[in-house]
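Asks: Below, each chain spelled out in residue letters.
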Amino acid sequence: MASFATFGNDLYTGRRQFDFIGKRKRWYALTAVLLVLAAAGLFGRGLNFGLEFTGGSEIRVPGISNTASYDTRAADAVTSVTKTESNLRVSKLGEGTVRVQAEKLGDGTPATTEAVKNALAKEFDVPATSAETSFIGPSWGESVTNKAIVALFVFLAFVSVVLALYFRTWKMAAAALIALIHDLFFTVGIYALTGLEVTPATMIGFLTILGYSIYDTVVVFDKVRENASEAFATGRRSFDQAANYAVNQMLVRSINTSVVALLPIAAILVVGVFFIGPSTLLDIAVALFIGVAVGTFSSIFIATPALTDLRRREKGVQELARRAKAYQKRAAGDSDEEAGHGAESSGVLTSRAASGAASGASATMRRRGAHPAAQRDE
Amino acid sequence: MSTPTGAPHNIDSNRPNRAKAKKTPPSSPKKSLAGLLIVFLALIGGIAATDSWLPKLGLDLEGGREVVLEPVVTGGSSVNESQVKQAVDIIRNRVDASGTAEAEVTTLGARNIVVSIPGNPSRQVLDSLSRSSQLDFRAVVATAQGSKQGQSPYRLPEVIKTSGANQATPSASASTSPSASSSGGSSSPAPSSSSSSKDVLPSAYKQAGPENASDTAWGEQKVDAAWVKAGIASSNMTYNQLLQVYACTPSYQEVAASIPANKPVVVCSKEGNEKLLLGPVEVKGADLTDASSGMATNQQGNQTGEIAVDLKLNGEGKTAFANVTRRLALLQEPRNRFAITVDGQSISAPNVREPLTSGQAQITGGFTAESGKLLADSLKFGALPMSFKELTSDQLSPELGSDQLTKGIIAGAIGLGLVVLYSLLQYRALGLVTVASLLVAAAMTYLAVTLLGSVNNFRLSMAGVTGLIVAIGITADSFIVYFERVRDEVRSGRPLRAAVDTGWARAKRTIIISDAVNFLAAVVLYVLSESTVKAFAFTLGLTTLIDLLVVMLFTHPVVALLARTKFFGNGHPASGLDPERLGARTATYAGRGRVTLADRRRTAQEGTA
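Those protein sequence lines, which keep their order, are chains Y and Z.
Read left to right, the first sequence gives residues 1 to 378 (full-length UniProt numbering).
Read left to right, the second sequence gives residues 1 to 609 (full-length UniProt numbering).
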């Protein structure tokens, strides 16, 4: 981990900088391509809605010791009750659980589902009490979906207000929302493209992504604001550079956060896939795994670049860019030694460059040049 | 600089930066930890008071039947809030009647009703839940004293003529137009419906022999097969005998509710103080157009100071009601009464003293403002036959549930272990603070969930468990934000104690706003969504609050205390705060009069070399 710590140090001090803002067009293009793909999946293939949305019956029979030719046995047991060839989907989950799904079992009443359950339990020699049935009326899913959509819009409205108040500029709220919508759209697109089943638990996952995405963006923006106010005070770096510096400084945190958030989710995923099978646990975990990964990407590559684009036309920001350019030119010109790698993208001068630049400036300013954050509240 | 004189720092790093330390009261970390202790003691005390140390589990983990019912009113008109409330009462009654312990009836959203029954309820029980409910008017044939004694002296309500149409708003103005509105447009009888009262009963009359619905001959008839099947009566029992053996319990009421309209029935009064043998249905609830309560008025339209419940019937109901009251008015007690039944229970059984032909009537007798309104509401909302559509019906297996819970807990433990491992790698000894904080958060969450289980009947479902596992990552992130900030300050060359203070000041803001956003998401989800989503949102909100508490009251105080130790304060290589490893020496230009930890150590090394 030593190298990772050094990596973090270099990012923090500005010795090593990634040019996220300057190369933003590249990320925008990549995002645009991905979003077009997501849209194609969403509007072309559409989402694969689970039984809870389409309505139907599901029966799970656990603890089966002999699962040989389970599919035909299950189908026979079902038809012995319903007397019709229903459109059955029979699958085996985990070790000894058989799942039967149908849009409509027999006459489509809960009672028939019950009778089918008993027949299945008998067929597989399992007590009927341990079998699980689920009957979902056709209008149920619609009401659940509508509620989720209303919740989504209310949340967006609230969050916009809270962020606009907290950051005291609507532009940060707008940029955070752009990233959020990107995350949501992209995640849903992945579901459409891969044909993963969307269940109410998946919806929970989607809605949780909202909170996470905003959360992640807020942490980065907090640093952007700190660096920006510093930049406006000293005129040492442009807004773009201040923002880029912030993203770099927060990069280690972003990686750590994502890893820490993803670890428990990954644990659920592994346990879910191999030992539980389709369940609330697994469905939420899949949605969150995708969402957290996408959310981390967007807070680095989308949110902050979008913020700089939103603010680029501001008079103050343009003025700052001019001041910073003049300052950095002077610093570079005064110094015989080359400025560090971060000088261009983040406006960070290494201490040597800074000391050169500060030959005409006071010692206090020299310190600031190297470490704006360190001096702020002295 | 914090030392205004700019004098060189004391090289003794056990006491770095005295001025900084003065800014924050030295007792503050201990105060915070004491606060945490109080929170814990409060939680434990609360649980001890309720004496249940395990969280309540949801049906999906415990096993059982969950049915979501939607009340449907005939005619397709939408169900309003009061009707849903009434529907919940009806369903709760029915669930109680089935004798299932610990069943729960709650509303889901604006109009759906969730019934959760642990175990494996039979199909009959489930069918009885979705049976339609209807309000009926039946004539009283005979009565007997119920098992429960009502308030004495028991005063029989009576039904009387009303003075006019403005009964709904009883006020002084009612007296100014006593007779003007006695027959409104609605009261003109519809010719086609004049035979409606006969329509209800033709077969009953022919088969049974009784002359009319009040005939005592009903009492000599053999009871319906439904009573025998339910084990309440033997097959050769008469209705009179049934009246004697009938008990005012939910299970009897259950059977009574299932009796068809053309059969007599035995029911109890709502208070349980009277048992009534009733004839077949004569006026259907659907014919009741309105019911309201207010001050009673006499024939002259003057208020009598008594609370009354006013009824309004439509054309069909008016004719039927007129026929019934004409007959009842001539009979002796108790046969001059009619009962209004809902779901196998009589909600009112007033006397009839005179024929009521206007389609409007007033029930008076011992009502309080409250009980009058209650009856009026029952009449109004019970008037429409309400049936229940099964939206979903899930039988959840306890085996599958506990299996999922076990595996979920294993997944959570693995996740926690990985997070612990990662933070130890990243933050060395400081990672131990993460571990301790996560454990404190886990303990607090367990206690909170357990307490909410007994106090607020909060049940942990699979969605909730998932929320808790996911929260591990989000909780741990607060520590990461905090530690990274402290490290940033160390990189900037601050001595550790100062770095902890300033790092915390900045991290706190970030943690608060990001937790606020998370909490907001949880609240919105909780308020606007249903069932599983709600459970998930609840745990998410709860863990967000706990995260905030733990960071404020545990993580920061502990780090602040640790910063005073030699191991952390000196930035031991294994502490995770080693300035050299964090590049403080090479990258910072500490400036005049400022000696970083790294510089000090280098000086020390040079000295020893």
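If you are wondering where the hints come from, they were derived from the structure by calculation, not from laboratory data.
One or more hints might be untrue.
Unchecked claim - Think about it this way: if two alpha-carbon atoms lie no more than 27 angstroms apart in a straight line, the pair counts; the simulated DSSO-like pairs of lysine-lysine are: (1) Z/Lys-508 <-> Y/Lys-104; (2) Y/Lys-171 <-> Z/Lys-407; (3) Z/Lys-222 <-> Y/Lys-83; (4) Z/Lys-30 <-> Z/Lys-407; (5) Z/Lys-407 <-> Y/Lys-147; (6) Y/Lys-92 <-> Z/Lys-407.
What the hints assert, rightly or not - Here are the simulated distance ranges between beta carbons: (7) Y/Phe-158 <-> Z/Asn-302: 53 to 61 angstroms; (8) Y/Phe-158 <-> Z/Asn-456: 50 to 58 angstroms; (9) Y/Gly-46 <-> Z/Asn-80: 43 to 51 angstroms; (10) Z/Ile-38 <-> Y/Phe-232: 42 to 50 angstroms; (11) Y/Phe-232 <-> Z/Thr-406: 54 to 62 angstroms; (12) Z/Ala-261 <-> Y/Thr-67: 50 to 58 angstroms; (13) Y/Val-154 <-> Z/Thr-406: 14 to 22 angstroms; (14) Y/Thr-67 <-> Z/Lys-389: 50 to 58 angstroms.
Virtual Cβ for every residue (Gly too), placed ideally from N, Cα, C.
Asks: Work down the list of hints and note, for each, if the structure agrees.
Replies: To see whether the hints hold, each was checked on the structure:
The suggested pairing of Z/Lys-508 with Y/Lys-104 is violated, with an alpha-carbon distance near 54 angstroms, which exceeds 27 angstroms. Under the criterion of a C-alpha separation no larger than 27 angstroms, the hint pairing Y/Lys-171 with Z/Lys-407 is inconsistent with the structure, at around 45 angstroms. For the given pair, Z/Lys-222 sits about 40 angstroms from Y/Lys-83 by alpha-carbon distance, which is inconsistent with the 27 angstroms threshold. For the given pair, Z/Lys-30 sits about 39 angstroms from Z/Lys-407 by alpha-carbon distance, which is inconsistent with the 27 angstroms threshold.
For a cut-off of 27 angstroms, the pair hint linking Z/Lys-407 to Y/Lys-147 is broken: about 30 angstroms separates their Cα positions. Restraint check for Y/Lys-92 and Z/Lys-407: satisfied, since their Cα atoms lie roughly 18 angstroms apart, inside the 27 angstroms limit. Against the hinted window of 53 to 61 angstroms, the Cβ-Cβ separation of Y/Phe-158 and Z/Asn-302 comes to about 56 angstroms, which satisfies the hint. Between Y/Phe-158 and Z/Asn-456 the Cβ separation comes to about 25 angstroms, which falls outside the hinted range of 50 to 58 angstroms.
About 36 angstroms separates the C-beta atoms of Y/Gly-46 and Z/Asn-80, a value inconsistent with the hinted range of 43 to 51 angstroms. Between Z/Ile-38 and Y/Phe-232 the C-beta distance comes to about 44 angstroms, which sits within the given range of 42 to 50 angstroms. In this structure the supplied range 54 to 62 angstroms holds for Y/Phe-232 paired with Z/Thr-406, their Cβ-Cβ distance being about 56 angstroms. Restraint check, Z/Ala-261 to Y/Thr-67: a C-beta distance of roughly 52 angstroms satisfies the suggested window 50 to 58 angstroms.
Our hint of 14 to 22 angstroms for Y/Val-154 and Z/Thr-406 is violated, since their Cβ atoms are close to 36 angstroms apart. Taking the beta carbon of each, Y/Thr-67 and Z/Lys-389 are about 36 angstroms apart, not inside 50 to 58 angstroms as hinted.
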